[in-house]
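There are 2 protein chains.
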Amino acid sequence: MRATAENVLLTDLYQLTMLQAYFDQGMDGTAVFEFFVRKMPAGRNFLVAAGLEQVLDYLEDLSFGAEELDWIAGCGRFHQRFADSLGGLRFTGEVQAMPEGTLFFVDEPVVRIVAPLREAQLVESRIINLLQLQILTASKAARVRLAARDRLLVDFGLRRAHGAEAALLSARASFLAGFDGSSNVLAGVRWDVPLFGTMAHSFVQTHDDELLAFEHFARSHPKATTLLIDTYDTEAAALAILPLAHKLAADGIVIQAVRLDSGDLGEHARRVRAILDAGDARAIRIFASGNLDEYAVQALLAAGAPIDGFGVGTRMNTSADHPFLDCAYKLQEYAGRARRKRSEGKATWPGRKQVFRRFDDHGQMAGDTLTLETDSHPGTPLLVPVMRAGRRIATSPPLAEVRQYAKAQMAALPTALRRLDAAASYPVEVAEPLQELARQVDQHRG
Amino acid sequence: MRATAENVLLTDLYQLTMLQAYFDQGMDGTAVFEFFVRKMPAGRNFLVAAGLEQVLDYLEDLSFGAEELDWIAGCGRFHQRFADSLGGLRFTGEVQAMPEGTLFFVDEPVVRIVAPLREAQLVESRIINLLQLQILTASKAARVRLAARDRLLVDFGLRRAHGAEAALLSARASFLAGFDGSSNVLAGVRWDVPLFGTMAHSFVQTHDDELLAFEHFARSHPKATTLLIDTYDTEAAALAILPLAHKLAADGIVIQAVRLDSGDLGEHARRVRAILDAGDARAIRIFASGNLDEYAVQALLAAGAPIDGFGVGTRMNTSADHPFLDCAYKLQEYAGRARRKRSEGKATWPGRKQVFRRFDDHGQMAGDTLTLETDSHPGTPLLVPVMRAGRRIATSPPLAEVRQYAKAQMAALPTALRRLDAAASYPVEVAEPLQELARQVDQHRG
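Protein chains in written order, with this note's numbering: chain A, 11 to 456; chain B, 11 to 456.
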């Protein structure tokens, strides 16, 4: 059996133990689960919906193979009739969700699953796993984009992302949320994320002469050359490439940029800019990387650092200041009756919900209302049907289109919520019909 | 082309651009790269080596398939001769490494790759990606084990780990570092990690009656039943299960434990323990989960909370207080000459290195010496050969055996380094031959 992301056994054991109990009791009513974030990370003002695409892939492909069924039957925890019952299990339910790229807030359902109980329960672990990661990195990347203004932004985080899938999906999520591309080749192949790359220090070090390393690299990549100039002495390297740049230009080879990756990036950028300008190399851009996040990028630009692009890795891909979300996938209705969890500090709003968003005269977001799906309310409903009877309703848009939608969403973000350094609160009102349902459920303890 | 962890294109673009330049220049000398951690995360006293197994798998399987070669030839960045040259590329080098479970410190090489330049360069991105994740989670898990003393410790973090591979590999790494098991079914299938699972709140909520939910679950799992009692009112549920426990016992069904997942876990545990003891149910254990890490576990046990086991998820799997390591894979030698990077704040020790560890009379670690591989020194050498000519030298030990080795390593950890709340420093001396080589390299700027 292969231990891959696609294996249905990538789930928590309790999903299977609950499924056997449901099977034994013949409980197969319709269950409604919603995924939402319980708490806004400190200092954050908004979240970006992402990961729905991978959730729909997962639901469409969900099934137990022969090896997985054998394992379940043979592991000593389950009985044969239960294992047999899983053989034909597919996801046959429906999904309503916010389109990827939608901005959202605490308690607002991002994805709703409506399906026979066993199907809806089984998928909890992987749905949270997929949605949390991309919401986390898309939301972080959107902040880096706010800080970077119109500068080039490239995801450099493959190496320190948490494993292969995190590297791939954070490349996807950061592009969706406004990055210009990634160094991750497979993400480029898979989703047409534009690819960027320079050279490593090791390239310079394998050569006895730094300048010879630059020339070798440029001649092998005449169309797109960025030289990493901080291996030994940044300013000395900047000075040394001036005659090289003119020599290469004669052969039609253009040095597009230099990359700085250590030390005081702002100070090096200023000195290197001065050296390049004085040496008649104004066209050479300056690209910076190394320990960057939205705060560092904002500080560099606020100080006027002449940096044209940023490689942002680790801290974006791992959402380092908030590497997880307090999020949940909770039962809201079963067999036609609304349900609610009342655990301390973790109470949830019951029932099938919708979010209506209002905009002001300038197209800025003005406030959301959380209410029952059946309630009609002014504003734009954010959740839309995306899957019926276990199949996508429509072909998914290409990622570049999702990115345009996210960009439009960001353009509607109120000014107070665009700041990185101060938490602002966006009005999300809980409508009376939903409050009333919560009271009713409490009375009946459902 | 499938976007999976096994795809050789899961790499940074610059690896491929550098490879083309090396190809064009005919540079194919032997390169030596070492992976090491540059800086100890604040408050941490040691790190646990982990992930070597997956690195060796990756190196043994490394190759470009037809689809990947077509992409490279057709993407507009590379020439056909270069793409063709990759067709036969395999990893043919050797690897020396610290066995998984070895404790290590800053600047100490954990894995060394010695191979023809292109092979050794290409693998950088994925090697860092694999090693960082498991070192990070194993090191965090080892701290949770220190805090939890002999209590049961289960990985509950699949849902908020960063994607599928992070969920799997953090389950593996935490078991390696002293956890007793995981809720992650696929990790159990793949590495024989013992599996644990209870029920979710949704299970209780789908029933109109909490006690009926408990009975249904217990009857479906007569051999191993843990009941989640905090959905509505923890103490009321504890009281209510007493008659149920006695009724089920008559049918040979044993309630092993109750799980608490919200509120003040220590206070609830004390009250629930009192209720269970007073109700002649002393055998029922108390298992706690929810927002736990090593500090929370330590505080609960220090306050005498009667908790027999902990489910630790999110904060362990994401290493939430330090979600990344300042680690690197750096060129140390090329074509027989030692090399060194001198970028500000990122200078490295050149050459092929070994770590010798000394122990005191009580078997406690007494100090390490970092020196050249060719230097002989008192103590135990930590790096051993694990791969030659691209193949493992020996079959890898089962994970349970690695776990035993890690346990022995932890037993040798000096008392000062076992504390969670104060950084202690462990002596790592840089021997004179290595310092001398660094001076020589600087003179020659290699």
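It is possible that part of the hints are untrue.
The list cannot tell twin chains apart, which means a pair is met if one copy fits it or any two copies do.
Claimed, not checked - Here are the simulated lysine to any residue pairs, SDA-like style, with alpha carbons at most 25 angstroms apart:
hint, residue 1, residue 2
1, K257, A404
2, K356, K417
3, K356, Y305
4, K49, G75
5, K356, Y68
6, K233, W81
7, K49, A330
8, K417, E78
9, K233, H89
10, K356, D331
11, K49, D331
12, K257, Q374
13, K49, H332
14, K49, Y305
15, K49, A284
16, K49, E411
17, K417, D261
18, K233, A259
19, K417, W81
20, K49, L423
21, K356, D243
22, K233, L311
23, K417, S386
Since the hints were derived computationally from the structure, they do not count as laboratory data. As the structure is a computational prediction, the values presented were derived from the model and not from experiment.
Results of checking the hints against the structure:
For the identical chains of this complex, K257 and A404 are neighbours neither inside a copy (54 angstroms) nor across copies (53 angstroms), given an alpha-carbon limit of 25 angstroms. With identical chains, the CA atoms of K356 and K417 are never at most 25 angstroms apart, being 33 angstroms at best within one copy and 37 angstroms at best between copies. For the identical chains of this complex, K356 and Y305 are inter-copy neighbours only, at 22 angstroms across copies versus 32 angstroms inside a copy, given an alpha-carbon limit of 25 angstroms. In the homo-oligomer, the alpha carbons of K49 and G75 never lie at most 25 angstroms apart, since the shortest distance is 38 angstroms inside one protomer and 45 angstroms across protomers.
Taking CA atoms no more than 25 angstroms apart as the test, K356 paired with Y68 passes in neither setting, with 28 angstroms inside one copy and 42 angstroms between copies. Taking the closest pair of Cα atoms, K233 and W81 come within 25 angstroms of each other only across two copies (18 angstroms); inside a single copy the shortest separation is 54 angstroms, beyond that limit. In this assembly of identical chains, K49 and A330 lie within 25 angstroms of each other by CA distance both inside one copy and across copies; the values are 17 angstroms within and 16 angstroms between. For a Cα distance limit of 25 angstroms, the shortest separation of K417 from E78 qualifies neither inside one copy, at 42 angstroms, nor across copies, at 32 angstroms.
Taking identical chains as interchangeable, the C-alpha atoms of K233 and H89 lie at most 25 angstroms apart only when they sit on different chains, with a minimum of 12 angstroms there against 63 angstroms within one chain. Within a single copy, K356 and D331 get their C-alpha atoms as close as 23 angstroms, and across copies as close as 23 angstroms, so both meet the 25 angstroms cut-off. In this homomeric assembly, K49 and D331 come within 25 angstroms of each other (Cα to Cα) both inside a single copy, at 15 angstroms, and across copies, at 18 angstroms. Taking identical chains as interchangeable, the C-alpha atoms of K257 and Q374 are never at most 25 angstroms apart, the minima being 52 angstroms within one chain and 61 angstroms between chains.
Proximity of K49 and H332 under a CA criterion of 25 angstroms is satisfied in both settings, with 12 angstroms inside one chain copy and 21 angstroms between copies. For the homomeric pair K49 and Y305, the shortest alpha-carbon distances inside one copy (22 angstroms) and between copies (22 angstroms) are both at most 25 angstroms. For the identical chains of this complex, K49 and A284 are neighbours neither inside a copy (47 angstroms) nor across copies (33 angstroms), given an alpha-carbon limit of 25 angstroms. In this assembly of identical chains, K49 and E411 lie within 25 angstroms of each other by CA distance neither inside one copy nor across copies; the values are 29 angstroms within and 41 angstroms between.
Taking identical chains as interchangeable, the C-alpha atoms of K417 and D261 are never at most 25 angstroms apart, the minima being 40 angstroms within one chain and 62 angstroms between chains. In the homo-oligomer, the alpha carbons of K233 and A259 lie at most 25 angstroms apart inside one protomer (11 angstroms), although the nearest pairing across protomers, at 77 angstroms, exceeds that limit. Proximity of K417 and W81 under a CA criterion of 25 angstroms is satisfied in neither setting, with 46 angstroms inside one chain copy and 30 angstroms between copies. In this assembly of identical chains, the alpha carbons of K49 and L423 lie at most 25 angstroms apart only when taken from the same copy (19 angstroms versus 39 angstroms across copies).
Taking identical chains as interchangeable, the C-alpha atoms of K356 and D243 lie at most 25 angstroms apart only when they sit on different chains, with a minimum of 12 angstroms there against 55 angstroms within one chain. Taking identical chains as interchangeable, the C-alpha atoms of K233 and L311 are never at most 25 angstroms apart, the minima being 28 angstroms within one chain and 62 angstroms between chains. Neither within a single protomer nor between protomers do K417 and S386 lie at most 25 angstroms apart by alpha-carbon distance, with minima of 28 angstroms and 60 angstroms respectively.
Consistency with the previously given hints fails for numbers 1, 2, 4, 5, 8, 12, 15, 16, 17, 19, 22, 23, ordered from lowest to highest.
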